[in-house]
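Work from the hints to combine the two standalone chains into their complex.
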Amino acid sequence: MTERELPLWEVFIRSRTGLNHRHVGSLHAADAAMAMQNARDLYCRRQEGVSIWVVESGLIHASDPSDKESLFDPAEDKIYRHPTFYDVPDGVENI
Amino acid sequence: MYTQGLDQSDTRTPGPEEEAQLVQAFQARIDAEEKIEPRDWMPDAYRRTLVRQISQHAHSEIVGMLPEGNWITRAPSLKRKAILLAKVQDEAGHGLYLYSAAETLGTSRQQMVDQLLSGKAKYSSIFNYPTLNWADIGAIGWLVDGAAIMNQIPLCRCSYGPYSRAMVRVCKEESFHQRQGYEIMTVMARGTDAQRRMAQDALERWWWPSLMMFGPSDSDSAHTAQSMRWKIKRFTNDELRQKFVDVTVPQGHFLGLEFPDPELKLDEQTGHWNFGPIDWSEFKQVLEGNGPCNAERMRARQTAHQEGAWVRQALLAHAEKHEDIR
Chain R
1 MTERELPLWE
11 VFIRSRTGLN
21 HRHVGSLHAA
31 DAAMAMQNAR
41 DLYCRRQEGV
51 SIWVVESGLI
61 HASDPSDKES
71 LFDPAEDKIY
81 RHPTFYDVPD
91 GVENI
Chain V
1 MYTQGLDQSD
11 TRTPGPEEEA
21 QLVQAFQARI
31 DAEEKIEPRD
41 WMPDAYRRTL
51 VRQISQHAHS
61 EIVGMLPEGN
71 WITRAPSLKR
81 KAILLAKVQD
91 EAGHGLYLYS
101 AAETLGTSRQ
111 QMVDQLLSGK
121 AKYSSIFNYP
131 TLNWADIGAI
141 GWLVDGAAIM
151 NQIPLCRCSY
161 GPYSRAMVRV
171 CKEESFHQRQ
181 GYEIMTVMAR
191 GTDAQRRMAQ
201 DALERWWWPS
211 LMMFGPSDSD
221 SAHTAQSMRW
231 KIKRFTNDEL
241 RQKFVDVTVP
251 QGHFLGLEFP
261 DPELKLDEQT
271 GHWNFGPIDW
281 SEFKQVLEGN
291 GPCNAERMRA
301 RQTAHQEGAW
311 VRQALLAHAE
321 KHEDIR
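Those protein sequences? They're chains R and V, same order as listed.
Counting in our numbering, the first sequence runs from 1 upward without gaps.
Counting in our numbering, the second sequence runs from 1 upward without gaps.
One chain only, chain V, in its complex shape (with noise of 0.2 Å):
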C-alpha cells in the first residue's frame, strides 16, 4: 500500500558520519510525531523491525482464517454463515492491507508468503488453538479480536506511514468483528443450560491464550524499547494486557460467565483487576511449534499455496497473451 520505490529508489550508501547525522534527524522527526514515508531515509533496523512486525501481522490474518473457517458450513443459521464469511472475508482484506504496507519497505509478498509457509516467519500464538464448537466463534470474536484491537488502536499512530494508514483501515472494520463474537456469546449465555455450558467452557478455553496474544511481559521483550523509542509501539505488552483484562472481566460478568482465574480480583485503589499467573511456558511451546494446531495450520497455508499455483501460472500467462489489448 502507498507504493514504493516507484520508478526510482536511493542507492547510495551514507559515510559513517553521514549516518550518524542521517540517524539523528530521522529520530528528530520521530520526536516531533512526524510520519516516515517509503522513500524516506531510515536506519535498516527500523526497516527490519517494520518488515518483521507487519509481515507478522499479516501471517495472523492469514492464518487466522483457518479457525473460523472451520465453522463457516456449520453456523447455525444463514444470518450467521453471511456475517462470519464477511467476518473471514475482511481477515483476508487485513492480510493484503498489511502485505501491501510492508511491500513498501522492499520485500517483495512472496518473499513474505515464503518465509511463512518455510516455517521462519512467526504468526500470533492464538491461531494454533482448535475451534471445538460453535461458542468458540463467539469467543474469538470477543476475545480474539477484542485483543487484537486492543494491541492496533495504537498502531494507528505507528511512526511509519503506511502501516498507520493499513491499521486505521483494520480497526474500523474490526470493531464489527469484536461486537458480532459478544453477541454470539450473549445468545448463548441466555440460552438453554448446555448453550451456557459451552459459552462458559469456551471463556474457559480461550481466556489465557488470549492473554498471551499480548506477548511477553516488559521484563522479558526484548523489542519493546527500541520500538517505543521509534513509536512502532505506543504501550507495553504488560500495559496493553491489563487494559484489556480491565475492559473485558466486566463484559464477561454482566453474561453471568466466570473466568478461569481465581486470582482475578478488583483493586478498589487502582481500579485496575488483578489477575493470576502466566504459564509462559504454554506460550513458548505454542510459538515454538508445538501447539495443538501448529501443524495443520501450516499444512492448510502450504497445500492452498501449492494447488493455487497453477492459477497463479494461467493468469499471467493469459495477461501476457492479452497485453495488445491492456
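One chain only, chain R, in its complex shape (with noise of 0.2 Å):
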C-alpha cells in the first residue's frame, strides 16, 4: 500500500517583537495544529522567535520566474523615485 504523505507547510518565525515574520522553512504535518508543534520543535529549539505563522505550501501563489523581467525590470530605469536623484542646493539643510 502506498501511504499517503502528509501534506506540506511553509513556516514563518517573528524572531522578536517589532519585526516581520521571515520565512525559515517548511515542514510535514497533517493539520495546523500539528504543523504548530512541529514548528515549534523544527525551527525554536534555541529561542528563535516569540510568533510562529504556518500556511500550507498549496495555498501561496507564487510569481512565475520567467515573468521576471516584466513584473520587476520596469523599476529600473525610475530612479527619480529614490531621493538621491534630486539635487539640493548647497546650503539648504533638513531636506
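Careful, some of the hints might be misleading.
Claimed, not checked - Simulated DEER-style distance windows between Cβ atoms:
(1) R:22 x V:47: 20 to 28 Å
(2) V:77 x R:53: 36 to 44 Å
(3) V:260 x R:22: 46 to 54 Å
(4) V:226 x R:33: 40 to 48 Å
(5) V:191 x R:18: 45 to 53 Å
(6) V:222 x R:72: 37 to 45 Å
(7) R:45 x V:305: 20 to 28 Å
Simulated from the structure, these hints should not be mistaken for lab results.
This structure is a prediction, so every number in the text was calculated from the model and none was measured.
All C-beta atoms, glycine included, are put in the ideal place defined by N, C-alpha and C.
This is the structure we're talking about:
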C-alpha cells in the first residue's frame, strides 16, 4: 500500500517583537495544530522566535521566474523614485 | 524548505538549441556567484546531483542518531544525558531541514525515505561503526562532527539557495556538538588511568573512519570536477581532509592522546601534517554494506518506519475528520 504523504507547510517566525515574520523553512504535518507543534520543535529549539505562522504550501501563489523581467525591470529606469535623484543646493538643510 | 512548485511549475521542454542557451546562461549565473532557486531553470544533471547529495546528507543525519541514541539511557550524569538528548534532537532537525531542501527539487520525502529503507540510497559510512563505550560519544562529537563541520561550512556557500540556507542553520547548531565531544574527551583524558585508556582507545577506533568521511581521494572521486564547476562543492575531498587533520592533530596532542598513525608528522615547510595511507578497501567494504553495523542500522530504520505507520495513518484520519474546523 502506498502511504499518503502528510501535507507540506511553510513556516514563518517572528524572531522578536517589532520585526516581521520571516520564512524559515517547511515541514510536513497532518493539520494546523501538528504543523504548529512541529514548527516549534524544528525551528525554535534555541529561542529563535516569539511567534509562529504556518501555512499550507499549496495555498501560496508564487510569481513565475520567467515573468521576472516584466514584473521587476520596469522599476529599473525610474531612478526619480529615490531621494538621491534630486539635487539640493549647498546650504539647504533638513531636507 | 523554501517551497517547491507551490501552485505552478514550468512544464515546457526546450528544444536542443534553446537548451544549449539555457545551460550557458545557467553557468554564467553560477560563475557570477548568483544563487539558483527552486523554480529557476536548471540542467537535469544539476538537479539529480543535488537530490543525490542532499538526500544522502539527510539520511546520514537520521541514521547518525542511532549510534549516539545508544548512549542516552547510559550517559554518566543527568547533565550529559540532557546534552546528548539535545544533540540527537538536533540531528533529527538537520535531517528534516535537508529533506525539505531536497524536496524543493521535486523529489518527495517519501521517495527519499523509501530509497533509504530499500538500501538504494547511501548514508555516511561512519555511522556503520559501533559505539562501544562512553568515550565513543566524546570521540564522535570531536572527530565525526568536526569532520562534518569541515565539510559543511563550504556548503553554506553552495550555489543552490535552499541547500545553502539549510547548511547555514545546520552549521550554527553543529558547533556545540563538536565542543561537547571535545569536552568529554578532555574530562576523560584528565581523569583516571582507566578513563584515559578509554579516551585513547576511542581515538584509535574513530580516527581512520573519520578521515574516510571526506570520501575517496580526488583522483578516484567521480563527481568532484563537475560539482566544483557548479559550485556545489568548493573544495576537493583531499583538501578538506588535510584541513581537518591540520586542525585536529594539535587538539589531540593537547590532551596527551596519540593518533594511531606512525607516519603522522608535521611538515615544517608547508605547515601541514602528513599522514599515512588510508585503507580504502575498508571504506569500500563499509559502503557496500559490510561494515560492523550496516545491517543493524538498516533494521532499526525499517522497524521505526513500519512501527510508526499507524501513527501517520491516524494523523491523517484525524485531520480529515476535523477538516471543517481547520
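Evaluation of the provided hints:
About 27 Å separates the C-beta atoms of residue 22 (chain R) and residue 47 (chain V), a value consistent with the hinted range of 20 to 28 Å. In this structure the supplied range 36 to 44 Å holds for residue 77 (chain V) paired with residue 53 (chain R), their Cβ-Cβ distance being about 39 Å. Between residue 260 (chain V) and residue 22 (chain R), the C-beta spacing of about 47 Å keeps the proposed range 46 to 54 Å intact. Distance hint check for residue 226 (chain V) and residue 33 (chain R): the Cβ-Cβ separation is about 44 Å, which falls inside the suggested range of 40 to 48 Å.
A hinted range of 45 to 53 Å holds for the C-beta pair residue 191 (chain V) and residue 18 (chain R), which are about 48 Å apart. The given range of 37 to 45 Å is respected by residue 222 (chain V) and residue 72 (chain R), whose C-beta atoms sit roughly 40 Å from each other. Distance hint for residue 45 (chain R) and residue 305 (chain V): a CB-CB separation of about 24 Å, consistent with the stated range 20 to 28 Å.
Checked against the numbered hints given earlier, this structure breaks none of them.
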